[in-house]
Amino acid sequence: MIVFNNVTKKYGNNVGLIDASVHINNGDFVFLVGPSGAGKTTFIRLILKEIEPDSGKIILAGKDITRIRKSQVPKIRQKIGMVFQDFRLLEKKTVYENVAFAMEVLHKSRKEIKERVPYVLELVDIADKANRYPDELSAGEQQRVGIARALVNKPRVLICDEPTGNLDPITAMDIMRLLEKINVRGTTVLMVTHAKDIVDKMNKRVVAIDHGRIVRDEEGSYGFVQQSEPEPDLYVPGFTSFLDPDELRAVQAQVGRNSESPKGRTIAVPDPVGYDDSLVDAYLDGGEDVYE
Amino acid sequence: MSRVGYNVKQAFSQMGRNKGMYFTSVLAITAMMLILGLFFVAFMNVNLFASSIEKDYNVIQIYIEDGGSQEVIDSVGAELRKTKGVEKVEFVSKADAMESLKKKWGDNGYLLENLPENPLPDSYMVYVSDKDSANSVAAAAPAIKGVNDVVYYRDTIEKLAQVSHFIEIGSLVAMAFLVIVSIIIVANTIKLTVFNREKEISIMKYLGATNWFVRAPFIWGGIIVGVISSVIATGLTYFIYTKIVGIIGSDIMRILSVSVIPAEQLTATLLAMFLCLGIGIGVIGSAISIRRFLNV
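Taken in order, these protein sequences are the chains called A and B.
Using the working numbering, read the first sequence as starting at 1 and increasing by one per residue.
Using the working numbering, read the second sequence as starting at 1001 and increasing by one per residue.
What the hints contain is simulated information worked out from the structure, not anything from laboratory work.
In this text, a Cβ means the ideal position worked out from N, Cα and C, and glycines have one as well.
Warning: the hint list may mix true and false statements.
Far from chain A by the CB rule (all over 12 angstroms, computed), these chain B residues [what the hints assert, rightly or not]:
hint	residue
1	Thr1024
2	Glu1099
3	Ile1144
4	Leu1207
5	Gly1208
6	Ile1248
Once the Cα atoms are required to be at most 20 angstroms apart in a straight line, the calculated EDC-like pairs of lysine to aspartate or glutamate come out as [stated by the list, open to error]:
hint	chain 1	residue 1	chain 2	residue 2
7	B	Lys1199	A	Glu97
8	A	Lys79	A	Asp28
9	B	Lys1094	B	Asp1066
10	B	Lys1009	A	Glu97
11	A	Lys154	A	Glu97
12	B	Lys1009	A	Glu104
13	A	Lys93	A	Asp135
14	A	Lys75	B	Glu1200
15	B	Lys1145	B	Glu1079
16	A	Lys201	A	Asp28
17	B	Lys1199	A	Asp86
18	B	Lys1199	A	Asp210
19	B	Lys1199	A	Asp135
20	B	Lys1199	A	Asp197
21	B	Lys1199	A	Asp28
22	A	Lys92	B	Glu1198
23	A	Lys154	A	Asp28
Using the sequences plus the hints, can you model the full thing?
Spelled out as structure tokens, the structure:
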């Protein structure tokens, strides 16, 4: 359970969070959305006790964490699993070692580590790459490792800071499915994101922050007008969901014709197995980067 | 795996990744300890010499002019006995002096056997009650007719005390300076290691690692540097000291009639001293360098 009670945090004249009150129950799946600089990061840093609020209460797992001593901070963080946009894996450690490292940090016994790590790797569906190094994995696989590491110490809350920010839309959806699976198993998930399409599609509770204030807290959609994030010119997120075959063919036709399209345009397509290979060929012929 | 075992293993793997810097640290700290060690053995020896002659502070030796007649000898003796503060006057003949010198020289005494004539003068040992009388007797004695020379160890003791005091101050100043330099060197070495592991440390903090968990391998690294430096420095000091003693030890023995402290006797003290110093430097240096990285 995460409770924010009238929490205010300012950085000099800059606003971090103003009078924010949020109640997140155990087992909730909550999106935290809002434009850059709105206060999302402040929100997360407050939960992690990286910073202290100017006023208000923050309750995590029944404890008012604004009133506990600095030396108790590790205890709080042990209850939270962090997933980062940039994965933050250790390049010199294998997948297995990266996940085991999280347990070593908490002085877990070798026996516990040997039992738990393979289980979690299996859970995030990366067990077959346990002995690979992060740079041998795709971005999506790396994020799975990141999630495994966050889960391995059985946290009550999983905080995901733009977990799909570095992923193509298809992979992003896979990661979302994984997060949902984890949530269904009982872990509270709080996800900070900019990805309107993901929020809209998942249909979960959305807490929207703007200029430090909680402007909306309800089930449903992203709500904000999409910010000007760097995006592909042509955006085909998981087209089974967003485009029907007719629309798809329309895109195909458009791209096929636009053969002198500038380099750097990116079109994402899902695993082409089961679909018309010629679609991918058409994209490629059109000078697009196609990734699966 | 035990926590200490884990941390030491981490410390060694860190050292492996930053061999050059750690090697430089060991070199610098060893050099510092070597300088300290040489100061220390010099200090110990001067102190020993000072204390071995200190017990003679209340004795003034008055040498009679060479070839002085029995009359002269007696009159000097009488004069001395009259002097204020004198407790006892003892006559030491040429022959007595030679005997005691032979005794002092011990095994080297045979060197004195074949002298054509005894070069030592007759003398009086004047025992005084306190320092002030000693000073006044020493000042008055040269005026007595027939007195050739006055040897009063107090001068020597004071000079020696000055020398040992100087060495003491010198080594303290050198030590303070060198300890600071060493701490800076260790701190910088460890800081580089910390930089290399900055990402790892921030991840550890997010995973809920305690500050001690993060700190421990670095502190162990500092301790290992300290211990290695101590052992090398002790070995080097021992080696240099025995070489010096080998070259001039017997000369010192002959000239000052005092033997130097055997190297074996100093080694344990040196090692203990260096270990304390080295471990202290390692711990402080690493604690300093990692402090600001812990506030994540």
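Hint check results:
1. Listed as outside the interface, Thr1024(B) is consistent with that label: its C-beta sits roughly 24 angstroms from the nearest C-beta of chain A, beyond the 12 angstroms cut-off.
2. For Glu1099(B), the shortest C-beta to C-beta distance to chain A comes to about 76 angstroms, beyond the 12 angstroms cut-off, and the non-interface label holds.
3. The claim that Ile1144(B) is not at the interface with chain A holds, since no C-beta of that chain comes within 12 angstroms of its own (minimum 80 angstroms).
4. Residue-level check failed: Leu1207(B) sits 5 angstroms from the nearest beta carbon of chain A, not beyond 12 angstroms.
5. Non-interface status of Gly1208(B) relative to chain A is broken: a Cβ of that chain comes within 12 angstroms, the nearest being about 3 angstroms off.
6. In this structure Ile1248(B) is separated from chain A by more than 12 angstroms, as the shortest Cβ-Cβ distance comes to about 55 angstroms.
7. Note on Lys1199(B) and Glu97(A): the hinted pairing holds, with a Cα-Cα distance of about 16 angstroms set against a maximum of 20 angstroms.
8. Pair hint Lys79(A) plus Asp28(A) holds up; C-alpha atoms about 16 angstroms apart against a cutoff of 20 angstroms.
9. Restraint check for Lys1094(B) and Asp1066(B): satisfied, since their Cα atoms lie roughly 10 angstroms apart, inside the 20 angstroms limit.
10. Only pairs whose Cα atoms come within 20 angstroms are accepted, and Lys1009(B) paired with Glu97(A) is accepted, the gap being roughly 16 angstroms.
11. With a C-alpha separation of about 17 angstroms, the suggested pair Lys154(A) and Glu97(A) falls inside the 20 angstroms cut-off, and the hint holds.
12. As the CA atoms of Lys1009(B) and Glu104(A) are separated by approximately 13 angstroms, the hinted pair is consistent with the 20 angstroms bound.
13. As the CA atoms of Lys93(A) and Asp135(A) are separated by approximately 10 angstroms, the hinted pair is consistent with the 20 angstroms bound.
14. A C-alpha spacing of about 19 angstroms is found between Lys75(A) and Glu1200(B), which places the hinted pair at or below 20 angstroms, so the restraint holds.
15. The straight-line distance between the Cα atoms of Lys1145(B) and Glu1079(B) is roughly 9 angstroms, inside the 20 angstroms bound, and the hint therefore holds.
16. Restraint check: the Cα-Cα separation between Lys201(A) and Asp28(A) comes to about 17 angstroms, which is no more than 20 angstroms; the hinted pair holds.
17. At roughly 12 angstroms between alpha-carbon atoms, Lys1199(B) and Asp86(A) fall within 20 angstroms of each other, so this suggested pair holds.
18. Restraint check: the Cα-Cα separation between Lys1199(B) and Asp210(A) comes to about 30 angstroms, which exceeds 20 angstroms; the hinted pair is violated.
19. At most 20 angstroms may separate the alpha-carbon atoms for a hinted pair to count; Lys1199(B) and Asp135(A) meet this at roughly 16 angstroms.
20. About 31 angstroms separates the Cα atoms of Lys1199(B) and Asp197(A), which puts this hinted pair outside 20 angstroms; it is violated.
21. Only pairs whose Cα atoms come within 20 angstroms are accepted, and Lys1199(B) paired with Asp28(A) is rejected, the gap being roughly 30 angstroms.
22. Distance hint between Lys92(A) and Glu1198(B) is fulfilled; the C-alpha atoms sit about 14 angstroms from each other, no more than 20 angstroms.
23. Note on Lys154(A) and Asp28(A): the hinted pairing holds, with a Cα-Cα distance of about 16 angstroms set against a maximum of 20 angstroms.
In summary, the numbered hints that this structure violates are 4, 5, 18, 20 and 21.
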